[in-house]
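Protein chains in written order, with the numbering used here: chain A, 6 to 524; chain B, 704 to 1070.
Keep in mind that the hints were calculated from the coordinates and are not lab data.
Everything numeric in this text was worked out from a predicted model, so none of it was measured.
Every clue listed holds true.
Label-pair restraints from in silico Cβ distances: (1) A:E286 to B:R1010: 53 to 61 Å; (2) A:D416 to B:D976: 51 to 59 Å; (3) B:R982 to A:A16: 31 to 39 Å; (4) B:A1035 to A:A124: 45 to 53 Å.
Note that the Cβ used here is the ideal one computed from N, Cα and C, for glycine as well.
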Amino acid sequence: MSVAAPAQALAPNPLREGLEQERVPDASCLVIFGASGDLTGRKLLPALYSLAHDGLLPAGQTIVGFARPDYSDDAFRMAMREACDKFARTRPVDDAVWENFAKGLFYVQGDFGDAQAYARLNQKLQECDRTRGTSGRRIYYLAVPPQFFPVISELLGAEKMVTDPESGGPFTRVIIEKPFGHDLQSAKELNRVAVTTFRERQVFRIDHYLGKETVQNLLVLRFANGIFEPFWNRQYIDHVQFTVAESIGVEKRGGYYESAGVSRDIIQNHMLQLVSLIAMEPPVAFEADPVRDEKVKVLRALREFPKGHEQENAVRGQYSDGSVLGEKAIAYRKEPNVSPDSNVETYAAMKIYVDNWRWADVPFYIRSGKRLPKRVTDISIHFRPAPYPLWKKVRGVQTMPNVLAIRIQPDEGISLKFDSKVPGPSVRTAPVTMEFRYATSFGAEPPEAYERLLLETMLGDSTLFARRDEVETAWAWLDPLLAAWASDARGPDLYPAGSWGPESADVLIERDGRKWRRP
Amino acid sequence: METAVTSALDPLRSDVAVDPNAIEKNLAELWRASKEVADEALTRAALWNVVAHTCSQATHTQASEVLGRASATVPQRTIVVRSEPAAPPQIESWIGANCHLVGGGKQVCSEEIAIVAGGDRIHRVPPLVNALLIPDMPVAVWWVGDLPNEHEEYVLALLEPADRLIVDSVNFDSPADLMLVDRVSAKTTTTPADLNWVRLEEWRQATASIFDPPDMRSRLETIRRVRVVAGTSGSDYFGESVEALLYSAWMSAQLGHHVDAQAKVEGPRGVIDYVIERRRQEKSVGDIAFVEIRFDDGSCASISRDREKGVLVSTVDGVVSMPDAVTRAIAANLDELIVRQLKRARGDQVLLKVLPVASRLARRVAG
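Isolated chain A (complex conformation):
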C-alpha cells in the first residue's frame, strides 16, 4: 500500500448550505471492472449520469471502464450514451449535461488477470489526476462475478493502486456486488481476500435494496415518529409478514439461478436486510457502525433451525407451467440453462423467530418467489386484537386486528387498517384503510437505488452497505437449512406459475391460525 502525508480535515463548503445538493463528494476516479457487462449499461452508467444531471457529481468526476473487449474512449462513450438513453431515470438525456459528463468517461482494455493492463490503467488514472483534479482518489467497482475478485484485488495491490486509509492520503474504496459468497465458507473466503488488499472500512458491499427510498424510510418511520415505537414489540404485535414477489421467471439467468435459488438470491440478503430493519433496536446514531451493529444483533438473534428438523418451519417450491398476468409461463425446469430435473427452489417461505426481549415468540413469516401473480415487496405488521371484544354479542360486529402495511415496491407507501363504525342506527363495523403514498404526497420519482449507493460510496458513508459480519452471520443462520434441502431427495413442492406459491406455504401459516396477507 502506498503511504501519503496525512491530509487536514477540510471545512464544509459554506455555499452548499441549504442547497438540495448539500453534500457533493470530492472528485475521484471511479473504475468499473466489467464495464462491458449488463450491469454497467443498465444500472451503473445511467445512475451516474442521473447524478450528474441532478448536479450531485463534482466537476472532474471521472469514470474509467475496464474490460476485455477492445473499445476506444469514444466507442465506450457512444455505447454508454445509448444505455443512458434507454435506462436513465432522467430521460431524455440532456445533451449539454451528457457532453460534459462524457468528457470524464474513459476506457482501458484489459484482462482482469493481466498485470500490464493494470499498469496501463494506473497510468490513465494518474493522467486524470493531473487533468481532472481527482488527486489520487479511487473507487473500484467490481461489476464482475465473484471468482474474479481475488485476482483483481491482488493486482490492484501489486500495482500500488490502493491507498491505506490510515495514511491519511487520498481515499481508495472498493464496491462489491452480491452474491457475497455461496455459503458461509465461500463468504468468509471472499472477505478474507478483500482484507488482504483493503481494510474493511474501504469495502462497500452493495445490496441494492438498501438504496431504495422506502427501505430507508423504515428507519424514519420507526425512529422519527413517536407513535410507533411504543407498540413495536411482542406486547402489541401478533406477527409480521414479509413478501418479496416477482412475476418474472429466471429469464436469461438460468445458469446463475441453478447455483443460487431464491434463498441465496433473495432471502440471505434482501429479505434478511428487511427483517433486520424491522426488528432492530434504535441505533445510538444514524451512522454506519451504530446502524449496522444493531442490524447484526438481529441476525445473531435469529433462532437456529433445529438440527435434524431444519425443514419444519420452512417450505420450498418451484414453479411449474402456468400463466402470469394472462401470459403462458413455462415451468422452471424448461427454462434455458436449467436442468430438466432441477431441485432448485424458486420459492421459499419460512417462519422465523428473533429470540430477544422485544420479539420473543413473535413469528416472522417470510416468503419470496418467482412467477408469482405480481411484482411486489411488502411488509405487514399485524397487531394483536383488542384485549376484550366489547361488541361480541352484537350481530354484524366482527372486529379485525389492525395491520400496518409497508409497501416497498411498486406504488410505495404505508397504510394502516383499522375498524370503523358503519354509519347507521345499528352498530356495525367495517375495516377502513388510512393510506400514505409516496407518489401522491411527494409527487416525485425517487432516485434509483444505485444512484444513492454510488453517491454514498463517493461520500464515504457505508451506512447503507452490508458489513462483513452481517454477511457472515446471515450465511451462518441459513447454511443448515440449505444443507438440509440439498440432501433431501423429495425436492421442492411444485406450484403453478401465476399462483402465490405451493399449498405447503399456506399450511405453514394456517396451522398457526393465520393467513398470508394478499399484498
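Could you slot chain B onto chain A? The hints should help.
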C-alpha cells in the same frame, strides 16, 4: 406518479354562500357526488392549505390555474382570494376541485375555494380564510404581485395563520417590499419564501460547485470582488435587479462578510467590492446574466448562462486546474417555482440569513 392530468374544475364547480360552514357542507356534497359518478376510486388529498392573494381578475385566473396544476404534484386545499378595495362592497364565493389521474386509473382530487371581496368587505376575508383552513395542515400564503407595503396591517392579518409567505420579489417596486418581508420574518412565526430565491438556486449551485474541490475551498477567503450582471428591460424597476441583489447578499452572508448600514462589505482580508450591473436584454428580464468572482491573486472564476444548451457554465482560471463544470438550468416557470416551494417541508433558513443583508445591500441597487 402522474400519468395524465385533467382539470375537472368546471364540472365540479358550484356557487356557495359565504359562510364557512356552508362552504364545508357544499364541499362534502361535492365529494359525495363526484364519488358516485367516478368510475374509478377517487381520493381526496391535501398536504397544504394554500391561500393565493390576488387583486384582479387576471391574477385570480392565473393563480387558480397555476395552483390547479400544482395540486397534481402537491395536493392542497386551495383558497384563491381576490381582494379589490376599489370595487363595490360585496363578497362572494364558489368551490371546485382539481382532479388528476394517478397510477392504476385512480383519481386524486384537491379542492379549491374562491373568495372575491370588494370595498370594505375585504376585511371579512382574513377571518373567513382562517375558518376554512384544514386543521393541522401547514398554511402557505402566496401573495401574487407586488406587496402592498402601505397596507402592512392587512398583510399581517392575512398572514396570521400562515406558516409560509410566498412572494416573488421580481415584482417588488422598492426596497421597502424587501424590508417588509424581512420584518415578517423577524416579527411573526411566518417564514418568508421568495420565488426569485428559487430561481437563484441554479446560480447558487453553480457557484458552490466552483468551491467544492479542496484546492478551491481555501480561496473563498481571498475573494476581492463579486460582479453580478442583472438582465433588465432597460428601466430602473427595482424588481429587475433583486435576483442579482439576493445573489450578492447570499455570498456575503454565507462567507461571513460584514455589511454595514452604508452597504460597505468587509471580509477577513479587507473590503470586498460587490458590484451589481444592469444589462439590457430582450428575454429573461430580472434574471442574472453573468457572475464574475475575482481573487487576491488577480485570477477569477466566472459563471455564464448558455441559453442554447440550457446550462450554466462555470470556469476557473489561475492556479487551480479543474475542468469546466455545467449546472443544468432549472425550469423557471411559475408552476415549477410554486411546486418547488411547496415541496420544501420547512422554511429556508439560508434565505432568512440573506434577507437582512439584502435589505442593507439594496442601497447599492436603489441608490
